[in-house]
Each structure stands twice: as C-alpha cells, then as structure tokens.
Amino acid sequence: MELAWVLGTPLFGAIVLAVFGARRSAAELNVVISLATLIAAAALVLRIIGQGSMTVAHEQFFVDPFNVFLIALTALIGFTTAVFSRPYMRIEQDHGRLNAHRLRLYHSMYQLFMAAMLVALSTNNMGLLWVAMEAATLSTVLLVSLYRTRASIEAAWKYFILCGVGIALALFGTILLYFAAERLLGGEGMRALLWTHLNAVKGQLDPTVIGLAFVFLLVGYGTKVGLAPLHNWLPDAHAEGPTPVSAVLSGLLLNVAMYAVVRCKILAVGAMHSALPGRMLMAFGLFSTVLAAFLLWRQRDIKRLFGYSSIEHMGIITFAFGMGGPLANFAALLHMTVHSLTKSAIFFAAGHASQIAGTQRIDGIRGLLTVSPTVGWGLMLGSLAILGTPPFGVFTSEYMVLITAMRDHPWATPLLLVALAVAFAAIFFKVQPMVFGETDAQRLPHPPALVPVFVHLSIVLMLGLYIPPALAQWYRLAASLIG
Amino acid sequence: MMPPLNLVTQLLHVLAAGLLMISFSMLAQRRTRRLIVLLAWQGVVLTASTLLVAVTAHLQHLYYSAALTLIEKVWLMPWILLRLMRRLGIEGDSDPLVNIPTLMLVGLGLVIFAFGLAQPISSLATTVTRQTLGIAMAVILLAFLMMIARHKAVTQVIGFLAMENGLFFAATSTTYGMPMVVELGIALDLLVGVFIFGIFFFQIREQFDSLDLHQLEALKED
Amino acid sequence: MNALALVSQLGGVVLAVALAPLLAGWVAQCRAWLQSRSAPSLLLPYRTLRKLFRKDAALATQASPLFRAAPYAVFGAMATAAAIIPSVTTDLPLARVADAIALVGLFATARVFIALAAMDIGTVFGSMGARREMMIGFLAEPALLMVLFNAFLMFGSTALPTIVKGTLDADGLTLHPSLAFAGVAFVMVLLAENARIPIDNPGTHLEVTMIHESMVLEYSARHLALIEWASWLKLFNYACIGFTLFVPWGIAPRTAGPLGLLLAIVWLLAKLAVAGAVLAVIETVSAKLRIFRAPEFLSMAFLLAVLGLLVHLLLQS
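Chains as they are written, first to last, in the working numbering: chain A, 1 to 483; chain B, 1 to 222; chain C, 1 to 317.
Please keep in mind that the hints were generated in silico from the structure rather than gathered at the bench.
Built from N, CA and C at the ideal position, the CB exists for glycine as well.
A hint or two may mislead.
Cβ-Cβ distance ranges computed for the label pairs, FRET-style [said to hold, decoys possible]:
1. PRO40/C / TYR64/B: 55 to 63 Å
2. LYS288/C / ASP209/B: 34 to 42 Å
3. VAL192/B / LEU184/A: 52 to 60 Å
4. ASP209/B / ASP440/A: 32 to 40 Å
Working from the sequences, and respecting the hints, build out all of it.
So this is what it looks like as structure tokens:
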C-alpha cells in the first residue's frame with residue numbers, strides 16, 4: 001500500500017504538473033508532491049523495518065532493506081531538490097533563460113523522472129527495471145536541453161545517443177538473462193524475469209550465458225553510472241542542464257543505475273561461482289576513479305568539474321561493490337548516501353554561484369563570500385566534504401574502502417590514494433579562489449534556498465561523526481544482502 | 001554434411017539471412033531515404049519471422065508481438081521518419097563521406113565475432129530459432145557500427161532503431177520473446193524515444209542550421 | 001566412358017559455342033525493348049561474326065606474334081571452360097579432369113592473354129584498358145572463388161557435376177540462406193566480369209569509361225570476331241555456372257538417355273531466356289559506376305560471398 005503511494009504520487013504529480021505546470025504556483029505544487037512522496041517513502045521504510053522484505057502486485061514489485069534505503073534517499077533528495085529549484089528556476093525565468101512553457105515541461109518531467117527512478121528501484125522484474133531506466137533517460141533528455149542553447153542540445157543529444165546505446169546493450173543482457181532463467185523457471189507467468197526467483201535459483205543458472213549477460217548488463221547500465229570509458233555524456237549533461245537536473249542526475253540517477261548493476265552482480269556471482277564479476281566491477285571502478293581524478297585538472301566549468309567528481313565517486317563505489325564482503329558493501333552503501341547528499345548540495349551551491357557570477361566558468365566566479373556568504377560557505381563546505389576531509393561522512397566511507405582495499409587488494413591502494421590526492425588538489429585549488437577573492441557581482445533577486453544545502457551537509461557531517469545504530473544495523477542488513 | 005532440417009527452420013534461416021543482408025545494405029547505403037526504406041524492410045522480415053515462430057510454437061503472445069512489430073516498425077516509425085525528413089526538407093540527404101569497403105570489412109569482422117560469441121549460447125537453446133542468435137547479435141553490432149560511422153542525426157537514429165530490431169530478433173530467437181508486459185514497455189519507450197528524436201531534429205536544426213553532427217563537437221574534454 | 005558421354009561432352013561445347021551469340025543477341029534485344037528502342041535482330045551477332053570473318057585482317061606493323069595468337073588462346077580457353085561446365089548434363093568426362101577452381105584459372109588465362117595483347121601494340125587505350133581489366137579481374141576473381149566455396153562447402157566437392165547432383169538428389173526443397181548471399185555476389189561478379197553496365201558499358205565507345213572495348217580497338221576481322229565470340233561465350237559460361245550453382249533443375253543426370261538430353265537442352269534454353277531478360281533488366285535499371293567505384297562494388301560482392309560462408313557455418317553447424 002505504501003509502495004503504491006510512493007510510486008503513484010510522482011506519477012500523479014507528473015500528470016497534474018503537465019496541466020498546471022505553467023502557473024506561477026507550480027513550483028510550490030512540485031514541492032508539495034515531492035514532500036508527499038517523501039512521506040510515503042518514510043512510511044514504507046517503517047513498514048520494512050517492521051516486517052522485513054516484501055513483494056507486492058503479483059511479485060512484480062519487491063522491497064528489501066537494500067532498495068528501501070535507496071528509495072528513501074531518492075525521495076529525500078527529490079524533495080530537497082524541489083525545494084531548491086523553486087527559487088532557482090524563478091531566477092532563471094527572470095533572467096529570461098526560460099519561459100512558462102518550458103517550466104511546465106520541467107516540472108512535469110521532473111516528477112516523471114522521480115516516478116521512473118522509484119519504479120526502477122522497487123521493481124522485481126528485470127525487464128521492468130530496464131523499461132524504467134529507459135524511461136528515466138527519456139524523461140531527463142529534454143530537461144538537459146531545456147535552455148535550447150547549442151551546447152545544451154549537443155549535451156542532450158550525446159546523452160540520448162550514448163545512454164540509448166548503453167541501455168540497448170543492457171536489454172540484450174536482460175534477454176540473455178531471461179534465456180538462461182527460462183530453462184529453469186519456465187516461460188509462463190514471467191517468473192523467469194523476477195529477481196527474487198532468479199536469486200533463489202542463481203546457483204543453477206548456466207555460467208556461460210550469465211557471464212555473457214553480465215558483461216552486457218554491466219556495460220549497459222555502467223554507461224548510465226558514468227563508468228569510464230563510457231562516461232562522455234555525464235559531464236556534458238551535468239554542465240548544460242539546469243542545476244536541479246544536474247543535482248538529481250548526480251545524486252539519484254547514477255545511484256539507480258548502480259543499483260541495477262549491483263542487482264545483476266549478485267546474480268552473476270551466484271551463477272558463475274567465481275570472483276570474475278567482482279573483478280570486472282573493480283577494474284571499471286578503479287579506471288573511472290583514476291581517469292576522472294586526472295581529468296578534473298582540465299575543467300574550466302564549475303558544473304563540469306563536479307560532474308567529473310561524480311564519475312570519480314561512482315568509480316569508488318563500483319570498486320567497493322566489486323571487492324564485496326560486508327565491510328566493502330557497507331562502505332559502498334554509505335558512500336552512495338553521502339555522495340548523493342553532498343554532490344546535490346554542491347550543485348545547489350554551484351548553481352547559485354553561477355547565477356551570481358552570470359557564468360559557469362570557474363575563472364568568472366570570484367569572491368562568493370562577499371556577495372553571498374551562505375552560497376560561498378555552502379560551496380566551500382560541500383567541496384571539503386566531497387574531498388573526504390575528516391569530520392564528514394565521505395571520509396568515513398572512503399577510509400573504509402581504503403582499508404578493505406589494503407587488506408584484500410593491496411595493489412589497488414596506491415592507485416586509489418593517488419587518485420584521491422589528485423582530485424583533492426584539483427578541486428581545492430579551483431574552489432578556493434571562487435569562494436574567496438574580490439568581485440563586483442550583484443546579489444540575486446530572489447533569496448536562494450540554501451536550507452537544502454545545509455540540511456544535506458549536516459546529515460553528511462552527522463554520518464561522519466556518528467551513524468545511528470538503527471541506520472548502521474540497516475546498512476549491515478543491506479550489505480549482507482548484496483553479499 | 002548437414003542434418004536434415006524441416007521447412008520452417010529453413011524458412012527462418014532464410015529470413016534471418018535476409019535480416020543480415022539488409023543490415024549490410026544499410027551499412028553501405030548512402031542515401032538516407034533508402035535507409036528508411038531498408039529499415040521498414042527489416043521490420044517486414046521481423047514480422048514474418050515472428051509470425052512464423054508464433055505459428056510453429058503455438059504461442060499466443062507472439063501474434064501480438066508480430067502485430068505490434070508490423071504497426072510500429074513497418075508503418076509507424078518509417079512514416080514518422082519520412083515525415084520528419086519532409087518537414088525538415090532533407091529528403092535527398094546523403095552521407096557522402098563514408099569509406100564503404102573498410103566499413104564492410106569491419107562489419108565482416110563483427111559478424112565473425114558475433115557468431116563466435118553466440119555459438120556456446122545457441123547450443124543451449126531449445127527453440128526452433130536458436131541458430132539465428134548469432135545473426136541477431138551480428139545485426140545489433142552492425143547497427144552499432146553504423147551509428148559510429150555516420151555523422152547525420154537521422155542516420156544515427158536509424159542505426160539506433162536497427163539495433164532495436166536486432167534486439168527484438170534476439171529475443172524471439174532465443175526465448176520466443178520476452179513477456180508481454182516487458183515487450184509493451186519496450187515498444188512504448190521506443191516510440192517515445194522516436195518522438196524525442198523528432199523534437200531534437202528540430203532543435204538541432206534551429207540552432208545549427210544543419211543536421212550534420214560534425215557540428216556537435218563543441219563540448220570536448222577541456 | 002561410353003559413347004553417349006563423349007557425344008554429350010562434344011555436343012555441350014558445340015552447343016555453347018553456337019548458342020553464345022544468340023544469348024548476346026537476346027540480351028541486346030531485351031535491353032532495346034526495355035529502353036523502348038526498336039530492337040536489333042536476334043541474329044545480329046551471327047551476322048557480325050560472318051561479316052568480320054569475311055574481311056581481311058589488318059595488323060599494326062609492330063604487332064608481335066602474341067598479338068595474333070591471343071584471340072585463338074582466348075577463344076580456346078573459353079571453349080575449354082564450356083566443356084567443364086555441366087550446362088546440359090552432369091555426365092562430362094572432362095569435368096573430372098578439371099574442377100571449378102581450374103575453371104577460374106581458365107578465365108584468368110584468357111584475361112592475361114587479352115591484356116598482354118592489348119599492351120602489345122603500345123597504344124594508350126590498349127594499356128589503359130588492360131590496366132583496368134586487370135584491376136577488375138584482380139578483385140572479381142577472389143569474389144568468384146568465394147562464391148564457389150559456398151557451394152563447395154555445402155556439398156563437400158569442388159567439381160561442378162557433383163554440386164549439381166547434390167542439389168538434385170536432395171529430397172524435397174532445401175533452402176540455403178548462404179546461397180542467397182552467394183547468388184547476389186555471383187550476379188555482381190558476372191556483371192563486372194562480362195563488361196556489363198555498372199562496371200563497363202558494352203554498347204559505348206566513350207574513351208574514359210570503356211574497359212573491354214579499349215583493349216580490342218586494334219583488332220579487326222577474324223581476330224576481332226574470335227575475341228567477340230569469346231566474350232559472348234564467357235557470358236554464356238557464367239550464366240551456366242550460375243545455373244549449376246543456384247538453379248540446377250533441368251540438367252540431365254548421368255543416367256539420362258538421348259531424350260533426357262533433349263529435354264535438358266530445352267530447359268537450358270528456357271533458363272537462358274530468363275537469365276538474359278533479368279540481365280537486361282539489371283542493366284537498364286542501374287547506372288554506370290565511375291571506374292573508381294568499381295573496387296567498392298566488387299568488394300561488396302566478395303563480402304557477400306564471405307558472409308554466405310559464415311552464415312552457412314553458423315546455421316548448418
């Protein structure tokens with residue numbers, strides 16, 4: 001029942017906003033709908049804590065501690081982003097970059113995107129998972145090109161084509177998966193695509209077919225995670241889309257794609273009885289981390305900079321899931337949480353920063369502290385947090401990843417350390433002059449909504465200092481499910 | 001010497017081979033209009049093979065699949081694309097800068113790769129169409145190659161749709177198709193995708209005055 | 001070797017040599033109809049031959065013996081090739097001596113002679129045509145071999161009569177997807193090898209485009225007659241190779257009596273009529289390619305043939 005609310009609210013919201021999205025009050029409506037989704041998600045969490053995993057609607061949907069945690073995170077960031085986007089989009093409208101018609105598209109697609117992601121997270125059907133992932137891509141493509149500038153259209157086209165190809169490969173992987181399972185579970189009643197059933201018989205699935213299927217699924221969904229060398233769309237889409245879209249892309253879509261990869265990895269490991277799927281994840285993750293860290297140096301656009309930072313962090317998460325085991329999975333889940341929260345907070349601050357400066361170029365943004373101390377501090381603290389400075393939660397999770405790597409795969413540790421150090425230096429040197437320094441920029445016409453920034457950062461700070469036992473228990477449960 | 005095959009299997013093999021041949025012609029075809037016609041033909045072959053499998057295996061849902069393919073891939077998609085081209089005034093468009101012999105050789109390599117990859121899987125399948133999985137994979141990879149080699153927005157979209165055709169064929173040939181819900185979802189996504197592509201054509205044209213994707217190279221690693 | 005086999009062997013060659021101009025005339029007639037011109041007589045090639053044989057041969061002063069020998073060599077090669085191809089019956093004693101690969105070799109021999117002769121005089125057109133011919137041949141031969149390999153793979157033999165027998169003996173209709181690829185490739189090779197329209201235009205004397213014509217410019221009278229006859233025979237041979245590989249029905253088996261052979265000749269005529277018409281249609285609907293596109297055309301043919309092989313290996317494994 002709660003799940004129906006979780007999925008139904010944004011879907012209903014998308015329809016309502018498609019009709020009323022052009023009104024001045026649409027932004028508030030967007031916030032209210034997102035809040036309703038969040039409340040429903042909270043209720044769902046309580047239910048799962050009380051009752052454990054469940055399947056609903058003829059087993060088509062399935063909620064366990066692993067995905068309910070992501071559902072809650074998605075709903076939370078969906079809500080805070082909606083709060084942030086209210087003044088942000090209003091400023092964009094005043095600047096003449098958007099009109100009411102485009103805003104209607106934005107609001108409606110925003111809710112549709114949320115609905116698609118929540119379906120992807122909660123579905124038990126690997127085929128529906130694919131459909132929902134594709135729907136999430138389709139709903140964001142037009143958001144990336146919302147400004148209709150040359151650069152934004154190019155970014156959206158790249159995003160569409162690259163993710164389209166990626167997702168097509170994932171479909172092939174899904175077909176192979178179905179093929180392998182159909183022999184065990186039979187074609188009728190679609191049991192052969194239901195993850196719970198697949199998981200139950202994964203030991204008997206044919207290793208050759210599953211191995212091949214996993215390669216396709218990993219490359220396919222990995223494109224959406226932004227794993228190198230298939231990451232090209234990510235910085236462009238993040239830089240050229242409106243900031244709230246960058247925030248949800250980085251904070252949520254990447255997580256959902258990661259979730260799909262992890263679900264597939266569980267099956268692949270079970271069927272192949274080998275560490276090969278894990279090794280593949282590790283290789284992709286490590287390569288993405290190192291590559292992104294070095295590419296950070298060359299960025300001149302603030303949102304591109306943090307787009308590359310997302311690739312780096314998704315690489316770390318992929319690497320951690322690849323290592324497997326309770327500690328690494330725990331670290332990966334924690335890192336997913338803190339990265340989503342921090343990165344969306346940074347995008348909020350960076351969005352306002354570029355509105356103040358009137359440009360996204362790092363050279364053009366100076367002296368944020370003098371114009372708007374909240375934006376300046378938000379960006380500074382957010383950057384420190386994402387770089388893994390100690391009291392923040394990112395430090396905790398990166399530390400756990402590093403010690404697991406040191407114990408199990410010592411060869412990878414120096415690479416990771418170098419990547420982290422390079423990323424630290426790159427981002428720190430670029431952010432510092434933006435926050436401090438002189439400027440003659442003007443204040444914004446609407447007060448920026450920076451409550452979400454500080455809410456996110458304080459949660460991240462709290463997770464760094466103290467993980468509540470209930471939450472830790474929950475992470476542990478989810479980590480053990482991943483295996 | 002080959003084992004005796006029944007007529008249905010032979011017909012399916014012929015259809016599969018036809019699909020592969022169409023894929024290669026698409027790779028070699030420079031004119032965009034003819035590419036769309038070839039895409040529609042691919043849809044026709046897919047419909048025929050799906051129907052044949054449906055009749056042979058007595059599967060209800062494959063009839064719906066075949067009907068869906070006929071409507072979506074033979075009629076709707078090419079119609080939308082042709083209409084778009086007419087609206088954009090690019091009916092006589094062609095891609096002159098394609099080195100076709102090299103493309104063909106690469107394509108041949110891909111076919112060998114696909115066949116090699118499919119061999120162990122085909123041997124596990126029980127469907128009458130199992131041997132065509134290699135061809136389905138080849139069709140996917142060739143469409144992929146076409147997308148890489150072409151630089152026009154419309155051609156890339158055609159490549160994308162051809163890839164989807166290959167995926168559909170793979171699904172029918174290994175497992176008698178995916179469950180209906182999934183198939184409907186895929187068809188819907190595809191349709192929405194084509195609409196968005198259409199919107200894009202206009203956006204790109206408006207901003208760049210051309211549908212040549214060479215112009216979309218401003219965003220580079222820097 | 002019985003007497004009938006000997007007769008049919010000799011008769012096959014005579015038939016081929018006699019029918020080849022008729023096929024050329026038929027194709028020309030079909031083309032004329034399709035292009036709404038008034039058609040030349042079906043027997044025009046025979047009249048041309050008669051006219052040419054009656055004339056006195058004029059030779060360039062610097063022509064070497066090779067130049068004079070080449071027409072005979074070319075004609076001889078084509079006639080030998082006709083002896084190997086089972087156009088009417090599979091009972092060909094000579095076919096056991098040479099298989100289909102030797103057949104390709106015979107065509108190559110003819111090509112070498114004609115190209116050498118073209119260069120012998122030292123005119124610009126001659127050597128240009130020779131170079132072009134060699135380029136086409138160099139691309140077409142591998143493609144033809146690949147087409148033949150498709151059939152070889154299917155029946156486990158390189159001898160054409162065995163291939164025919166294999167298809168005829170199969171119970172029921174067997175569809176071979178690989179043969180569809182090979183068939184298309186074969187038609188492409190046939191067009192290129194016989195100076196047909198996408199590659200060369202037999203009906204024109206434009207300097208920049210012609211290939212075959214520019215090589216034989218220096219020939220006259222009986223030499224030219226032999227060369228032309230040989231090129232018609234080549235088309236006939238190619239058509240018969242096509243029949244053996246793709247539509248062998250109607251070819252008399254080893255056991256057939258004289259009546260069976262007669263029936264097979266009727267079949268052959270019918271098939272030739274259809275093939276000629278199809279050739280005319282192809283020539284009418286397609287435009288001549290620039291010479292620089294010829295490699296592309298032939299590499300397509302090669303590729304299709306290889307694809308046919310691959311498809312065969314995949315589907316029939």
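Now for the hints, and whether the structure bears them out:
1. Between PRO40/C and TYR64/B the C-beta distance comes to about 58 Å, which sits within the given range of 55 to 63 Å.
2. In this structure the supplied range 34 to 42 Å holds for LYS288/C paired with ASP209/B, their Cβ-Cβ distance being about 35 Å.
3. Distance hint for VAL192/B and LEU184/A: a CB-CB separation of about 33 Å, inconsistent with the stated range 52 to 60 Å.
4. For ASP209/B and ASP440/A, the Cβ-Cβ distance of about 37 Å falls inside the hinted range of 32 to 40 Å, so the restraint holds.
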